[in-house]
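From just these sequences and the hints, can you work out the full model?
Count along the sequence shown starting at 1, add 8, and that's the number in my numbering.
No lab work stands behind these hints: they were computed from the structure. Careful, some of the hints might be misleading.
[Claimed, not checked] In silico lysine to any residue, SDA-like type, Cα no more than 25 angstroms apart, as pairs:
{"id": "1", "residue 1": "652", "residue 2": "458"}
{"id": "2", "residue 1": "563", "residue 2": "398"}
{"id": "3", "residue 1": "552", "residue 2": "390"}
{"id": "4", "residue 1": "552", "residue 2": "508"}
{"id": "5", "residue 1": "498", "residue 2": "85"}
{"id": "6", "residue 1": "498", "residue 2": "514"}
{"id": "7", "residue 1": "552", "residue 2": "399"}
{"id": "8", "residue 1": "618", "residue 2": "555"}
{"id": "9", "residue 1": "513", "residue 2": "486"}
{"id": "10", "residue 1": "510", "residue 2": "489"}
{"id": "11", "residue 1": "618", "residue 2": "661"}
{"id": "12", "residue 1": "552", "residue 2": "192"}
{"id": "13", "residue 1": "498", "residue 2": "569"}
{"id": "14", "residue 1": "513", "residue 2": "572"}
{"id": "15", "residue 1": "513", "residue 2": "493"}
{"id": "16", "residue 1": "513", "residue 2": "565"}
{"id": "17", "residue 1": "510", "residue 2": "486"}
{"id": "18", "residue 1": "513", "residue 2": "552"}
{"id": "19", "residue 1": "498", "residue 2": "89"}
{"id": "20", "residue 1": "513", "residue 2": "489"}
{"id": "21", "residue 1": "510", "residue 2": "564"}
{"id": "22", "residue 1": "498", "residue 2": "192"}
{"id": "23", "residue 1": "513", "residue 2": "30"}
{"id": "24", "residue 1": "652", "residue 2": "89"}
{"id": "25", "residue 1": "552", "residue 2": "525"}
{"id": "26", "residue 1": "552", "residue 2": "582"}
{"id": "27", "residue 1": "510", "residue 2": "566"}
{"id": "28", "residue 1": "498", "residue 2": "513"}
{"id": "29", "residue 1": "636", "residue 2": "85"}
{"id": "30", "residue 1": "618", "residue 2": "645"}
{"id": "31", "residue 1": "510", "residue 2": "419"}
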Amino acid sequence: MTAQANLTALAQLCGIFDRFVDLDGVTRPTNPDTYRALLRANGLAVGTEAEVRDTLEHLRAGQQARIIPPELVMTCDVPYTLPCPFAAEWYVVLEGQTVVFAEGHARDDIHLPALPMGVHTLSVRQGASDATCVVICAPARTPMLPDVAGVPRVWGVVAGLYGVQFDRNAGLGDFEDLARLAEIFGPQGAAFLGINPVHALGWAAGDVISPYSPTHRGFLNTQHIAMASDHAPAAGDLIDYAHHNTHHRAALQAAYQRFQDHAAQADHAALARFTQEGGTALQDFARFESLSVDLGQDWRMWPADLRTPDLARQGALPDGAGFHIWLQWMADTQLEQAQRRACESGMALGLYLDLAVGARLDGAEAWGAGDTLAAGVALGAPPDHLSPAGQNWQLAAYAPLQLAAAQYAPLRQVLRAAMRHCGVLRIDHALGMNRSYWIPEDGSPGGYIRQPFQSLMAIITLEAHRAGTLIVGEDLGLVPDGFRDTMAAKGFYGYTVLQYEKTPKGTFRDPQTVRPQSLACFGTHDTPTIAGFWAGEDIGWWHKLGWIDDASRTKATQQRDDEKADLLGTTVADLARHDAADLRDTAHRTLGEGPAALAAVQLDDILGVKAAQNLPGTIDAHPNWRRKTPVPLDEMTDTPEIAKTARIMSQAGRGGPKTDI
Numbered sequence: 009m010t011a012q013a014n015l016t017a018l019a020q021l022c023g024i025f026d027r028f029v030d031l032d033g034v035t036r037p038t039n040p041d042t043y044r045a046l047l048r049a050n051g052l053a054v055g056t057e058a059e060v061r062d063t064l065e066h067l068r069a070g071q072q073a074r075i076i077p078p079e080l081v082m083t084c085d086v087p088y089t090l091p092c093p094f095a096a097e098w099y100v101v102l103e104g105q106t107v108v109f110a111e112g113h114a115r116d117d118i119h120l121p122a123l124p125m126g127v128h129t130l131s132v133r134q135g136a137s138d139a140t141c142v143v144i145c146a147p148a149r150t151p152m153l154p155d156v157a158g159v160p161r162v163w164g165v166v167a168g169l170y171g172v173q174f175d176r177n178a179g180l181g182d183f184e185d186l187a188r189l190a191e192i193f194g195p196q197g198a199a200f201l202g203i204n205p206v207h208a209l210g211w212a213a214g215d216v217i218s219p220y221s222p223t224h225r226g227f228l229n230t231q232h233i234a235m236a237s238d239h240a241p242a243a244g245d246l247i248d249y250a251h252h253n254t255h256h257r258a259a260l261q262a263a264y265q266r267f268q269d270h271a272a273q274a275d276h277a278a279l280a281r282f283t284q285e286g287g288t289a290l291q292d293f294a295r296f297e298s299l300s301v302d303l304g305q306d307w308r309m310w311p312a313d314l315r316t317p318d319l320a321r322q323g324a325l326p327d328g329a330g331f332h333i334w335l336q337w338m339a340d341t342q343l344e345q346a347q348r349r350a351c352e353s354g355m356a357l358g359l360y361l362d363l364a365v366g367a368r369l370d371g372a373e374a375w376g377a378g379d380t381l382a383a384g385v386a387l388g389a390p391p392d393h394l395s396p397a398g399q400n401w402q403l404a405a406y407a408p409l410q411l412a413a414a415q416y417a418p419l420r421q422v423l424r425a426a427m428r429h430c431g432v433l434r435i436d437h438a439l440g441m442n443r444s445y446w447i448p449e450d451g452s453p454g455g456y457i458r459q460p461f462q463s464l465m466a467i468i469t470l471e472a473h474r475a476g477t478l479i480v481g482e483d484l485g486l487v488p489d490g491f492r493d494t495m496a497a498k499g500f501y502g503y504t505v506l507q508y509e510k511t512p513k514g515t516f517r518d519p520q521t522v523r524p525q526s527l528a529c530f531g532t533h534d535t536p537t538i539a540g541f542w543a544g545e546d547i548g549w550w551h552k553l554g555w556i557d558d559a560s561r562t563k564a565t566q567q568r569d570d571e572k573a574d575l576l577g578t579t580v581a582d583l584a585r586h587d588a589a590d591l592r593d594t595a596h597r598t599l600g601e602g603p604a605a606l607a608a609v610q611l612d613d614i615l616g617v618k619a620a621q622n623l624p625g626t627i628d629a630h631p632n633w634r635r636k637t638p639v640p641l642d643e644m645t646d647t648p649e650i651a652k653t654a655r656i657m658s659q660a661g662r663g664g665p666k667t668d669i
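Here's what the structure looks like:
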């Protein structure tokens, strides 16, 4: 084989796509530099033609020598037959156990008995050869709405927690505000309250504000811990994170000192239980947070003997680690209370939380990932309707083979934490479970790499059943053929955004034809609000940033008028008789009357907010994640638009307030 043929064969063996079709239908071939960069990211030697050839031969030999597959997905409590064309001894050890659960002698097939949920280990001996197989045993599907709530269709509200304003916080919404917001909408008939991710951003990363750029998805953002504050929020329409952090952190440190000096024995015992349950993962996170204060947030710049948890564990926990463990306990306790109060308010599902697609390359999750981290690449997306310039999220990616070899332990810790206190979990960019777009740090073009789709769905299904959580997979963008059907068959709810539900002719689809097994909404945090859609705010920003020229702006504005008329069921000439409030009520009625199991309305839309929360592809050019909610929390109860939205949903048969409104 030629050198190029070897490189192509190795890339194919490792699941790297040789091409992809972009949003405009153009085929984008993967070039050799991208092949090499993505192969290096998987820990493979490909620096020379000889290394490529040797690596290919080694992997092929390993595949041929295996007597059983490295991984097996089976349905729990259902027997399974694994082909085994030779005599062999086998045994199964269940997750977390050391004793043999089942064993036998195979003559032609291995007949595995019904196994409980978990990630188990199958060991096989054939002559002098030994092999192990990771057995992912999960239910056939994730929990479904009728199973959990006893009804086929519900509605809920989504909001940016950071923007909630109340006179008792210092400018950033917190977990107490979250509970109170749920107590406003629960009595109105809402079944869930959704918020942005509340993952940890990092104590030493004070300049990071995007909830989708966490340091670790398995721990919580301590900025949202509710604290009594005598400091008023900074003036202005935008959140001053620096002002908030200065006063909030001082209050947290003072509260921790009071806890150490005066806390009741029961509180100390509760913290001790939390610490024990958190185990090594919690200790490693606290160690990272403490070290980052002195060494900086980017662990890649730390001394060599501290760049992995294994090395760092050789020393005692830093003095500050106890503070960061206490912070996580406080955040976890308050989020748990918010979920309890949401359910007590009448919400059938309670909180609807969001799992970011990844964690920052310089953060705690990447530090703790070890060999499971894909080296020298970042997660991103090619150009699509969310961002015509494409996106580099600067987030860490897990290498498929290494993650599987670790029995998905880092991912499972993240999932368990994300589902711990919610009734619904949204998985951001769920397409990444099937294939991920990796952008090399060396400047090579990005490319797609296949992920263990069936295994990842099984892992999520397993954890969802243990938590009793519904799963929504955000499936926007360049969707592979069959992806949505496969997800639906496993019980995942899709993500239907009315702004994007169009026919090939460019008109909006009949809303009665949207996927019943989905969460439907008009827009997301990455799209214009309804008022912004009406005013063309997104088009204005694209023009301001130079993404479209004058002619394109005029064309887009004309197309937007057509879209508004289409949504309202009127003509462009008649738009002058309508306004954004009319579009809002029409959109909410459409959502309510549609077949989607979950209908979500944005708090911003209820309140008539024009500005978007985030503009994909920007960081500082647009005020992302800085906008305050215009109506203070204590005034929302009297907001007539909330009652109107509840009435629309009630009339659509999605549940309403207990009393007439």
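Hints, verified against the model:
1. About 46 angstroms separates the Cα atoms of residue 652 and residue 458, which puts this hinted pair outside 25 angstroms; it is violated.
2. Of the supplied pair hints, the one linking residue 563 and residue 398 holds, its CA atoms being roughly 22 angstroms apart against a limit of 25 angstroms.
3. For the hint linking residue 552 to residue 390, the alpha-carbon distance of about 22 angstroms falls within 25 angstroms, and the restraint holds.
4. The straight-line distance between the Cα atoms of residue 552 and residue 508 is roughly 23 angstroms, inside the 25 angstroms bound, and the hint therefore holds.
5. Between the alpha carbons of residue 498 and residue 85 the distance comes to roughly 16 angstroms, so the proposed pair stays at or under 25 angstroms and holds.
6. For the hint linking residue 498 to residue 514, the alpha-carbon distance of about 31 angstroms lies beyond 25 angstroms, and the restraint is violated.
7. As the CA atoms of residue 552 and residue 399 are separated by approximately 18 angstroms, the hinted pair is consistent with the 25 angstroms bound.
8. Proposed proximity of residue 618 and residue 555 is supported: the alpha carbons are some 21 angstroms apart, at most 25 angstroms.
9. With a C-alpha separation of about 19 angstroms, the suggested pairing of residue 513 with residue 486 holds against the 25 angstroms cut-off.
10. Our distance criterion of 25 angstroms between C-alpha atoms is met by residue 510 and residue 489, whose separation comes to about 18 angstroms.
11. Taken as a hint, the residue 618 and residue 661 pair is broken in the structure, with Cα atoms around 29 angstroms apart against an allowance of 25 angstroms.
12. For the proposed pair residue 552 and residue 192, the alpha carbon gap of about 38 angstroms is over 25 angstroms, so the pair is violated.
13. Distance check on the hinted pair: residue 498 and residue 569 sit about 39 angstroms apart at the alpha-carbon level, beyond 25 angstroms; violated.
14. With a C-alpha separation of about 16 angstroms, the suggested pair residue 513 and residue 572 falls inside the 25 angstroms cut-off, and the hint holds.
15. About 24 angstroms separates the Cα atoms of residue 513 and residue 493, which keeps this hinted pair within 25 angstroms; it holds.
16. At most 25 angstroms may separate the alpha-carbon atoms for a hinted pair to count; residue 513 and residue 565 meet this at roughly 18 angstroms.
17. Straight-line distance between C-alpha atoms of residue 510 and residue 486 comes to about 15 angstroms, which keeps the hinted pair within the 25 angstroms bound.
18. At most 25 angstroms may separate the alpha-carbon atoms for a hinted pair to count; residue 513 and residue 552 exceed this at roughly 28 angstroms.
19. For the hint linking residue 498 to residue 89, the alpha-carbon distance of about 21 angstroms falls within 25 angstroms, and the restraint holds.
20. Proposed proximity of residue 513 and residue 489 is supported: the alpha carbons are some 21 angstroms apart, at most 25 angstroms.
21. Using a Cα cut-off of 25 angstroms, the hinted pair residue 510 and residue 564 holds, with the two alpha carbons roughly 16 angstroms apart.
22. The hinted pair formed by residue 498 and residue 192 fails the criterion: a straight-line CA distance of about 34 angstroms is larger than 25 angstroms.
23. Using a Cα cut-off of 25 angstroms, the hinted pair residue 513 and residue 30 holds, with the two alpha carbons roughly 19 angstroms apart.
24. Of the pairs offered as hints, the one joining residue 652 and residue 89 is violated, with about 56 angstroms between alpha carbons and a cut-off of 25 angstroms exceeded.
25. A threshold of 25 angstroms between alpha carbons decides the hint, and for residue 552 with residue 525 the separation of about 38 angstroms lies outside it, so the pair is violated.
26. The suggested pairing of residue 552 with residue 582 is violated, with an alpha-carbon distance near 29 angstroms, which exceeds 25 angstroms.
27. As the CA atoms of residue 510 and residue 566 are separated by approximately 17 angstroms, the hinted pair is consistent with the 25 angstroms bound.
28. Among the hinted pairs, residue 498 with residue 513 is inconsistent with the structure: their alpha-carbon atoms are about 32 angstroms apart, more than 25 angstroms.
29. Taking the CA atoms of residue 636 and residue 85, the gap is about 50 angstroms. The hint is violated against a cut of 25 angstroms.
30. Straight-line distance between C-alpha atoms of residue 618 and residue 645 comes to about 21 angstroms, which keeps the hinted pair within the 25 angstroms bound.
31. Between the alpha carbons of residue 510 and residue 419 the distance comes to roughly 35 angstroms, so the proposed pair goes past 25 angstroms and is violated.
Checked against the numbered hints listed earlier, the structure breaks hints 1, 6, 11, 12, 13, 18, 22, 24, 25, 26, 28, 29 and 31; every other hint is satisfied.
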